[in-house]
Amino acid sequence: MLAGLNFATLLLSVAVCQGSQYKDINSETVSVDQGSTYGSLWPLPQQVSLSEVSFKLSSSSFRVVDAEGSSAGPSCNILQNAYRRYYEYLFGNARKTGHFKRKAARSELSELQVSITSGDSDCDGYPGATSDESYELTVDQPYAILKAPKVWGALRGLETFSQLVYEDEYGAKSINSSKIVDFPRFQHRGILLDTSRHFLPIKVILANLEAMAMNKFNVFHWHIVDDPSFPYLSRTFPQLSQMQGAYHPYTHVYTPGDVKMIIEFARLRGIRVVPEFDTPGHTQSWGKGQKDLLTPCYSGSTPSGTFGPVNPILNTTYDFMNLLFKEISEVFPDAYVHLGGDEVDFNCWKSNPDIQKWMDEHGLGKDYAKLESFYIQKLLGIVAATKKGSMIWQEVFDNGVKLPADAVVNVWMGSGLQGEMFNVTAAGFTTILSAPWYLDYISYGQDWQRYYKAEPLDFKGSDAQNKLVIGGEACLWGEFVDSTNLTPRLWPRASAVGERLWSAKDVTDINDAYSRLSKHRCRMVERGIPAEPLFTSFCRHEYKGN
Amino acid sequence: YVFIYFIYLVFNCCTHHNHTLSLPIMLDLNTVESVWPLPQKLAISEERYPLSPTHFNFYYGEDQASIMKDCSLLDSAFTRYFPLIFPDLTSGKPTRLTGVLAKFTIMYCFVSLMAPACVVDQLNVSAGQAVLNSDTVWGALRGLETFSQLVQQEEDGTYFINKTEIEDFPSFQYRGILLDTSRHFLPLKAILNTLDAMAYSKFNVFHWHIVDDPSFPYQSRTFPDLSSKGAYHPMSHIYTQSDVRRVLTHARLRGIRVIPEFDSPGHTQSWGKGQPNLLTPCYKGSSPSGTFGPINPASALSYIFMSQFLKEVTSVFPDPYFHLGGDEVNFSCWQSNPDVRAFMQKMGFGKDYTKLESFYMENIVNITSNLNKTSIVWQDVFDYHERIPKDTILHIWKGLPAQYKAETSRMTKAGHRVLLGAPWYINHIAYGQDWRISYNVQPLNFSGTEEQKKLVIGGEVSMWGEYVDATNLSPRLWPRACAAAERLWSDESQTRSAEAAFPRLQAFRCSLLRRGVRAEPLSPGHCSDEYRGI
Chain A
1 MLAGLNFATL
11 LLSVAVCQGS
21 QYKDINSETV
31 SVDQGSTYGS
41 LWPLPQQVSL
51 SEVSFKLSSS
61 SFRVVDAEGS
71 SAGPSCNILQ
81 NAYRRYYEYL
91 FGNARKTGHF
101 KRKAARSELS
111 ELQVSITSGD
121 SDCDGYPGAT
131 SDESYELTVD
141 QPYAILKAPK
151 VWGALRGLET
161 FSQLVYEDEY
171 GAKSINSSKI
181 VDFPRFQHRG
191 ILLDTSRHFL
201 PIKVILANLE
211 AMAMNKFNVF
221 HWHIVDDPSF
231 PYLSRTFPQL
241 SQMQGAYHPY
251 THVYTPGDVK
261 MIIEFARLRG
271 IRVVPEFDTP
281 GHTQSWGKGQ
291 KDLLTPCYSG
301 STPSGTFGPV
311 NPILNTTYDF
321 MNLLFKEISE
331 VFPDAYVHLG
341 GDEVDFNCWK
351 SNPDIQKWMD
361 EHGLGKDYAK
371 LESFYIQKLL
381 GIVAATKKGS
391 MIWQEVFDNG
401 VKLPADAVVN
411 VWMGSGLQGE
421 MFNVTAAGFT
431 TILSAPWYLD
441 YISYGQDWQR
451 YYKAEPLDFK
461 GSDAQNKLVI
471 GGEACLWGEF
481 VDSTNLTPRL
491 WPRASAVGER
501 LWSAKDVTDI
511 NDAYSRLSKH
521 RCRMVERGIP
531 AEPLFTSFCR
541 HEYKGN
Chain B
547 YVFIYFIYLV
557 FNCCTHHNHT
567 LSLPIMLDLN
577 TVESVWPLPQ
587 KLAISEERYP
597 LSPTHFNFYY
607 GEDQASIMKD
617 CSLLDSAFTR
627 YFPLIFPDLT
637 SGKPTRLTGV
647 LAKFTIMYCF
657 VSLMAPACVV
667 DQLNVSAGQA
677 VLNSDTVWGA
687 LRGLETFSQL
697 VQQEEDGTYF
707 INKTEIEDFP
717 SFQYRGILLD
727 TSRHFLPLKA
737 ILNTLDAMAY
747 SKFNVFHWHI
757 VDDPSFPYQS
767 RTFPDLSSKG
777 AYHPMSHIYT
787 QSDVRRVLTH
797 ARLRGIRVIP
807 EFDSPGHTQS
817 WGKGQPNLLT
827 PCYKGSSPSG
837 TFGPINPASA
847 LSYIFMSQFL
857 KEVTSVFPDP
867 YFHLGGDEVN
877 FSCWQSNPDV
887 RAFMQKMGFG
897 KDYTKLESFY
907 MENIVNITSN
917 LNKTSIVWQD
927 VFDYHERIPK
937 DTILHIWKGL
947 PAQYKAETSR
957 MTKAGHRVLL
967 GAPWYINHIA
977 YGQDWRISYN
987 VQPLNFSGTE
997 EQKKLVIGGE
1007 VSMWGEYVDA
1017 TNLSPRLWPR
1027 ACAAAERLWS
1037 DESQTRSAEA
1047 AFPRLQAFRC
1057 SLLRRGVRAE
1067 PLSPGHCSDE
1077 YRGI
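Protein sequences appear in the order of chains A and B.
Per my numbering, the very first residue in the first sequence carries number 1; after that it's consecutive.
Per my numbering, the very first residue in the second sequence carries number 547; after that it's consecutive.
These aren't lab readings, by the way, just hints derived from the structure by calculation.
In this text, all values refer to a predicted model and were calculated from it rather than measured experimentally.
Hints are supplied without guarantee of correctness; some may be wrong.
Said to hold, decoys possible - Which residues of chain B face chain A? A partial, calculated answer using Cβ under 8 Å:
#1 Gly703
#2 Phe706
#3 His730
#4 Pro780
#5 Thr995
#6 Gly1079
#7 Ile1080
Claimed, not checked - Coverage of chain B stretches by chain A, computed from C-beta distances (three or more under 8 Å per stretch; other residues unrestricted):
#8 709–717
#9 867–873
Unchecked claim - Straight-line C-alpha distance at most 20 Å; calculated SDA-like pairs for lysine to any residue:
#10 A:Lys288 <-> A:Lys366
#11 A:Lys366 <-> A:Gly389
#12 A:Lys544 <-> B:Pro733
#13 A:Lys544 <-> B:Val790
Ideal Cβ placement from N, Cα and C applies to all residues, glycine included.
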């Protein structure tokens, strides 16, 4: 999933501003905030009707409650936590109003009743690949009503409700009478974070799960290990992180408790956690704690002392993978595991005489793509045996590996994108698109517009093929990102992707989006997320952090 | 403003080390954790001395009675640097104490550097000591910073310092950072944090681009309407007089000058909201269009206002330099206005609006010099008008290297002092290690005589605010600005290679993190103390 460039030394020349000292030199147009009829809603719901009749919300009397007849009750942690969270978002800044009784000047909205309509609310479950996130929200007197078949839809609806609330000129919280019917256009709406190139403290991951929920993302693609470090503390193979695989065995690892906390925090926000254990390439850090796992590279007829991808010809490799993925399948409840499979460098395999011999014996000749396929095939079998589905980067498909029917192909390469989308879906595989949304690539100006304009179904596929595109992911690779700059680099740029994946296809008005997104970004700031500005502007409540 | 300081870190300790006399040897400076920016002369020997936080003390040299008036500044520097030298004391980590005394003596005097009064016996037989010798308090601050960067920790937490001899002074006297508080309001805390980080990199000028078209956050005593109508918000998005004083004090304690910029006649849209009749009404045909252009240079009222306003702000900001802007003036509104056209006629300017702009700037520069301030203006003013007063400092912001080099030649040939801003517009971001481009700038590589080269007083890193506010300012500024910091402080002949500087900058970035600066990473890797916020 990384372009074949040496990032550490990559230098892109800085565009030097010639014509104007301050003006936006970007080719993107500078949007002007002309206001949106949809206020600050982000991502825009599928159907919105807003009236001009407004109600007040009072911090002392407003409540979010379970509706009568809802299949979720007080024991439903997901909802009870969400009620409190959204109450805090709405009234967290409100000061105590004192003991003065005041007459309601205008009609008040005193309750949001939440009703889970399906018999099984999913309260105690995990969100999954087919979870229903639809909801209907009616704001009217005397109650606002949020109806959703499952808790997942209720979570999305609560976020929408909170986005409808605004401050009037006296600072009073108000909401307009409205009716919203909503559901996601794409089922899979993910954010990839890379905790190998830089370790991300738990606090940062949790804050970004919060921000994901504010943008209705529902998949945290956790690229947890890679070449530079192995921060996952494995119960079965603790040496992977403890023997120099992690940057530091205590301060730069995720313990089983940490992982559990992250998964639960995500669950409470309707977010799946899909871990990626990328092999056979991108595994340098694995070799530090696991002898004989990686291929010894040769220089002429002697080992050079360096190592290449996972060694695919040893039985011990598969014994190891068996145990490791068994553990992973137990630690991560999601039905999918991402197996990586990208950017395998064949040079080391080529240099190794044992591998050459093995390939001759097995009739693979000099076709190293076949060797990679052999490895992945076996790995897919191992994972299937743990009752998990597999996600893989596109090269695995490109190299002709025989994939299980439920495999999900993650398309990341920008060149030949349409052809790839066509081919993958024509072969009948579900597909996730990441290529247009590599947010680690930064440039001056409003690049969110580029992410916003990317259309996932922009290839000439049949309706059946289109249906196989289940969503997309914004990727923030970690070469130049850690806890110091991750959050402002991700938000609100990822929000553009969030709307593209949630809202209807024809929601493409860039000026309307600019207006809503500016307000949405200020809301994120107010909720403690340091989301960076889109352009010259201000937020009523600026970021208070460092 | 030429700071020279010496640190002789000469220790003699008998508890843990043998009494061998070790000669200072030059280590490969870029392979050890070391100082940023690189000192002019640095000799680090392999001999190490432990430091004990319980016994470590700062002392004034014995001959300091005459200069006690500035001691409060150093006293507060001691308070600030103690926890920077011994970070575990504040983070609560256990520290292994050693029995070794360390004494840090500051000698500084205002007389000539080599005067006998400053010669110090650096050896103290009973305890190790470091001696810092500087001719000004400002140099002492830089030396303290260097000292704090030399102290390291063993794996068991013991603090140590290598035997070191340093002689240091900046290559350029003006090393600035521009922050723009108009396009986005920066809360006071963001400014103060930036000043802290500036001191760590030995920057010494905060160029405060305080107002511009989008907003006017400066709360004026004389013209309160300017911010009450021109700020983003009249209460929450302003800098009160006490805010400004706080910035000035915070900066002064760190040896940082604050040079405000009140840019005119262009970039003044926000001024017009609180000061009617200041801006030029634009015309559409024969009637006013309702929009406004730059300050009206044809109206006497403009100059009366500017005199009163500059009188206030030049007294609020004590620095002898004052930035007047003068860039990017759009002439189309002036051209549309019949009164301005009549004025042009009367003055004999014909159709040349650059003459009108020059007329305006000349007046403003004169007002400023009557207030005993030296003006700094953007290069546009020179480009239009070469007869500006000789002592006016010109700030170059335009163009590719070939262009800004030619501009530097022209300006210095005309006898002007020059500030180089063009290569360091780091609000422009790109993927990868763009700090290397900043690092490779050669400020004096232009055609000119030795005399001309001396007129380049320094440079400035600009962080314009279109896409920057408190959410992303720090990681966008640090450590990218450190590249220019070293270019402006250190000896260019010793710091030509970005590749060689890279590990040292990485180490410095980690020490910024340890000090709470949200400095972004330069490449994959880690710091032992990661940033703990979000």
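Cross-check of the supplied hints:
Hint status for B:Gly703: violated, given a least beta-carbon distance of 14 Å to chain A, over 8 Å. Of the supplied interface hints, the one on B:Phe706 is violated, with its beta-carbon coming no nearer than about 21 Å to a beta-carbon of chain A, more than 8 Å. Satisfaction of the interface hint for B:His730 is found here, the shortest Cβ-Cβ separation to chain A being roughly 6 Å, below the 8 Å cut-off. Hint status for B:Pro780 relative to chain A: violated, with the closest Cβ pair at about 12 Å, above 8 Å.
Below 8 Å, beta-carbon pairs count as interface contacts, and B:Thr995 has none with chain A, the closest being about 27 Å; its hint is therefore violated. Of the supplied interface hints, the one on B:Gly1079 holds, with its beta-carbon coming within about 5 Å of a beta-carbon of chain A, less than 8 Å. Look at B:Ile1080: its Cβ gets to within about 4 Å of chain A, closer than 8 Å, so that hint holds up. Here the stretch 709–717 of chain B counts 0 residues with a CB under 8 Å from a CB of chain A, which misses the bar of 3, and the coverage is violated.
With 1 residues having a beta carbon nearer than 8 Å to a beta carbon of chain A, the stretch 867–873 of chain B misses the requirement of three or more and the stated coverage is violated. Proximity of A:Lys288 to A:Lys366 is assessed by CA-CA distance (about 29 Å); at most 20 Å being required, the pair is judged violated. For the hint linking A:Lys366 to A:Gly389, the alpha-carbon distance of about 31 Å lies beyond 20 Å, and the restraint is violated. For the proposed pair A:Lys544 and B:Pro733, the alpha carbon gap of about 8 Å is at most 20 Å, so the pair holds.
Distance check on the hinted pair: A:Lys544 and B:Val790 sit about 19 Å apart at the alpha-carbon level, within 20 Å; holds.
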